[in-house]
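Using the sequences and the accompanying hints, generate a full structural model.
Protein chains: 2
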Amino acid sequence: MNIPDVTQPRVVIVGGGFGGLELAKGLRGQAYQVVLIDRHNYHTFQPLLYQVATAGLEPDSIAYPLRKVFKRQSNIFFRMAEVEHIDIEANEIKTNIGALHYDHLVLATGSTTNFFGNAQLERYSMGMKTVPESLDLRSLMLQNFEAALLTNQLEERESLMNFVIAGGGPTGVELAGALAELKKHVLHNDYPDLDIRRMNIHLIEGAPRVLAAMSEESSAKALRFLEQLGVQVWLNTLVSDFDGQLITTNDSKVSFKTRSLIWAAGVKAVSLPGIPAASLVKGNRIQVDEFNRIPGLKNIYAIGDLAFMESEEWPQGHPMMAQPAIQQGKLLAKNLRAQLKHKKWKAFNYSDKGSMATVGRNLAVVDLPKLHFQGFFAWFVWMFIHLIALVGFRNKLIVLANWAWSYLNFDRGIRLIIRPFNPRAGMGKAADNRS
Amino acid sequence: MNIPDVTQPRVVIVGGGFGGLELAKGLRGQAYQVVLIDRHNYHTFQPLLYQVATAGLEPDSIAYPLRKVFKRQSNIFFRMAEVEHIDIEANEIKTNIGALHYDHLVLATGSTTNFFGNAQLERYSMGMKTVPESLDLRSLMLQNFEAALLTNQLEERESLMNFVIAGGGPTGVELAGALAELKKHVLHNDYPDLDIRRMNIHLIEGAPRVLAAMSEESSAKALRFLEQLGVQVWLNTLVSDFDGQLITTNDSKVSFKTRSLIWAAGVKAVSLPGIPAASLVKGNRIQVDEFNRIPGLKNIYAIGDLAFMESEEWPQGHPMMAQPAIQQGKLLAKNLRAQLKHKKWKAFNYSDKGSMATVGRNLAVVDLPKLHFQGFFAWFVWMFIHLIALVGFRNKLIVLANWAWSYLNFDRGIRLIIRPFNPRAGMGKAADNRS
Numbered sequence: 001m002n003i004p005d006v007t008q009p010r011v012v013i014v015g016g017g018f019g020g021l022e023l024a025k026g027l028r029g030q031a032y033q034v035v036l037i038d039r040h041n042y043h044t045f046q047p048l049l050y051q052v053a054t055a056g057l058e059p060d061s062i063a064y065p066l067r068k069v070f071k072r073q074s075n076i077f078f079r080m081a082e083v084e085h086i087d088i089e090a091n092e093i094k095t096n097i098g099a100l101h102y103d104h105l106v107l108a109t110g111s112t113t114n115f116f117g118n119a120q121l122e123r124y125s126m127g128m129k130t131v132p133e134s135l136d137l138r139s140l141m142l143q144n145f146e147a148a149l150l151t152n153q154l155e156e157r158e159s160l161m162n163f164v165i166a167g168g169g170p171t172g173v174e175l176a177g178a179l180a181e182l183k184k185h186v187l188h189n190d191y192p193d194l195d196i197r198r199m200n201i202h203l204i205e206g207a208p209r210v211l212a213a214m215s216e217e218s219s220a221k222a223l224r225f226l227e228q229l230g231v232q233v234w235l236n237t238l239v240s241d242f243d244g245q246l247i248t249t250n251d252s253k254v255s256f257k258t259r260s261l262i263w264a265a266g267v268k269a270v271s272l273p274g275i276p277a278a279s280l281v282k283g284n285r286i287q288v289d290e291f292n293r294i295p296g297l298k299n300i301y302a303i304g305d306l307a308f309m310e311s312e313e314w315p316q317g318h319p320m321m322a323q324p325a326i327q328q329g330k331l332l333a334k335n336l337r338a339q340l341k342h343k344k345w346k347a348f349n350y351s352d353k354g355s356m357a358t359v360g361r362n363l364a365v366v367d368l369p370k371l372h373f374q375g376f377f378a379w380f381v382w383m384f385i386h387l388i389a390l391v392g393f394r395n396k397l398i399v400l401a402n403w404a405w406s407y408l409n410f411d412r413g414i415r416l417i418i419r420p421f422n423p424r425a426g427m428g429k430a431a432d433n434r435s
Numbered sequence: 001m002n003i004p005d006v007t008q009p010r011v012v013i014v015g016g017g018f019g020g021l022e023l024a025k026g027l028r029g030q031a032y033q034v035v036l037i038d039r040h041n042y043h044t045f046q047p048l049l050y051q052v053a054t055a056g057l058e059p060d061s062i063a064y065p066l067r068k069v070f071k072r073q074s075n076i077f078f079r080m081a082e083v084e085h086i087d088i089e090a091n092e093i094k095t096n097i098g099a100l101h102y103d104h105l106v107l108a109t110g111s112t113t114n115f116f117g118n119a120q121l122e123r124y125s126m127g128m129k130t131v132p133e134s135l136d137l138r139s140l141m142l143q144n145f146e147a148a149l150l151t152n153q154l155e156e157r158e159s160l161m162n163f164v165i166a167g168g169g170p171t172g173v174e175l176a177g178a179l180a181e182l183k184k185h186v187l188h189n190d191y192p193d194l195d196i197r198r199m200n201i202h203l204i205e206g207a208p209r210v211l212a213a214m215s216e217e218s219s220a221k222a223l224r225f226l227e228q229l230g231v232q233v234w235l236n237t238l239v240s241d242f243d244g245q246l247i248t249t250n251d252s253k254v255s256f257k258t259r260s261l262i263w264a265a266g267v268k269a270v271s272l273p274g275i276p277a278a279s280l281v282k283g284n285r286i287q288v289d290e291f292n293r294i295p296g297l298k299n300i301y302a303i304g305d306l307a308f309m310e311s312e313e314w315p316q317g318h319p320m321m322a323q324p325a326i327q328q329g330k331l332l333a334k335n336l337r338a339q340l341k342h343k344k345w346k347a348f349n350y351s352d353k354g355s356m357a358t359v360g361r362n363l364a365v366v367d368l369p370k371l372h373f374q375g376f377f378a379w380f381v382w383m384f385i386h387l388i389a390l391v392g393f394r395n396k397l398i399v400l401a402n403w404a405w406s407y408l409n410f411d412r413g414i415r416l417i418i419r420p421f422n423p424r425a426g427m428g429k430a431a432d433n434r435s
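If you're matching them up, the sequences are chains A and B in order. Mind the numbering: the first sequence is residues 1 to 435 in this note's numbering, read in order. Mind the numbering: the second sequence is residues 1 to 435 in this note's numbering, read in order.
Treat each hint with caution, since some may be false.
Stated by the list, open to error - Result set (DSS-like, lysine-lysine): computed pairs, CA atoms no more than 30 Å apart in a straight line:
(1) Lys-184(B) <-> Lys-71(A)
(2) Lys-184(A) <-> Lys-184(B)
(3) Lys-184(B) <-> Lys-25(A)
Please keep in mind that the hints were generated in silico from the structure rather than gathered at the bench.
Here it is, written out as structure tokens:
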């Protein structure tokens, strides 16, 4: 049995995403007692959630048990819990499983779907930030096709076969592409008594281009790839409302009848009660200094999507994606190790490794800092990088087997409705509560 | 698009298990319009559910989309639906998606957990007949360990770490063995701050031996394997009640404090409203003749677990397992094909291929009709047969990868609580409703 050393200072990490995981790994074997808490007992590899939603990957191959990461680490303790309140005066967090004292508190809870205060959108559209949400989306998509078979009303059938994605960032683009490939290669075999040509995939983006954070070149190429696959892209268009049946936009001439709106048009940092409002900036993010410390709070840090660190190069903070979280987690571990040796802390300096998105089979776009490329080679690089980044050898193996299978057979093998989704129970909200 | 040929006689198959699937396959390309209905959109490979429940396999690798089985089959139509009533006068079934006329109706809905009328047991114990039930069991097991960490009361902690399985048939034996291996190889790494030696696995069987349907030799060997792995086996013992905390048995000196009772002590055929009570025999099964016809009903057949076919060799009907279902499905397809050519029907003659069960790594028992063997070679045969029998090459590939991984690493990699299970909502019942 593993008895905690109570003389060691305690580092509490909230959140086992990319940042929290990297930080905890960096404190292995150090003279800290590390407590990692997360509301799930697993790490989610969010970049591949869209493949779970489109029946290409098992949920179990992109989730990794957090306890397994830290087996045989005598100074790291995991607890499945949710933070309810941070008591900055008492150096204590309140959770649903009790209170916990900290010497250092690292907040790494990431981001959640942002509906910008529109309750109707939150109720009727589907988010895709967690494994259960992706499974709900998979179920809903398949249920809609089963339902489409049963109706003789053309309008209703088309509405069931219409899929609308709000947000042309990487998530929206990758999901739209994957749905288009399902249509092209799989669904006409599954539903021979349905006219799959009537299935439509719409991607709605408020900016004048998709993948607005990438190079103009990649944006243009991604748009061409999407159109090539049959996705209908609506640029300069903003969803204004959705009542579960009809989507209206800022353009009175553009509306969509559909049963499925997938909301990938915004994220915001997860709220943590107890953090003073003065520390919060745009999108609920927490302002931090160059060491990821929250100014004015003692021994509290924020990393990853949650952290807003202003710099000359990044006046709007770092992009809310895996790389800044990983690099900040790594550096904070290094700084906490330096502290044990009474050495100086090092300031964060983001090394931009670029960004990428895949639209479909052989179709991806990659922006490296000094090189942009698109097409088959980009797609290959995308796959390679994602396989490398996946946590756990078992998961890499299973994902590779699935990708090889899907590539050779033009298939998405996991078209299962394991837990049927009930749209009447409300979408975004309900999925969150159940997760 | 695939337009049904309305001049063909319609065969309606209810249930996409082993029997229904085999029957539908045997009618491919024949002059019948085949409608297969199932409440799930997938076939479940039930023999491996216990590995899903114990984090060894993804649910998605033992479930197979029914539509995928029949792609490009122009005479086979799938509908996801549940039968509500059979109108034998009108040759019609009523389902939750509407009424359907049949020329031939084949009932293949299989069996469900039998709580023998004990509502308390049904409420508090866990069944393991469907994929969602197995996932609930996986979640509950992991949740109980997370909860055990949080209590300082020894009695409560032990109750959370006690697992009791009622029923020493193949399901109970395989599940008990898999739990024992989790304890032996995995859980002490996951929960270093918990004394895993206090975890107990109890297997309760009413008969004087486990695997009572197999040879004495295999029973004795299976018992020895179980004890070798640390499972506590209670023979000649019957569970009488369970209130969610305490299991009582027919022996007043034997009771168990636990939060998890897994009920593998009985199955019964699924009820189908509209079938006359006179057709039903013990365990809710439907009496059929040697052609799987239900005497007195016109063009209605039952196959598999549901069918009770008396014969000299099998006075109690055939065993409720995959082989009789597969063989009956195959023969009924042949007979329905013969009917098209106005040929004579062939009577069913069960070819007993034997039975097997696996207790753990290198430990299995196999009874072939003329040969019984146990140990490593039996375990190898068990794996080989199950891989062959799995539906779909993708699933075989993923299961093989998982097995190789687990074997080499003494691991069960999928220790995920994707959807937390709420025991207060009621167990067997709730899981059924949600499935």
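So, going through the hints one by one against the coordinates:
no., hint, in the structure
1, Lys-184(B) <-> Lys-71(A), "15 Å, holds"
2, Lys-184(A) <-> Lys-184(B), "48 Å, violated"
3, Lys-184(B) <-> Lys-25(A), "26 Å, holds"
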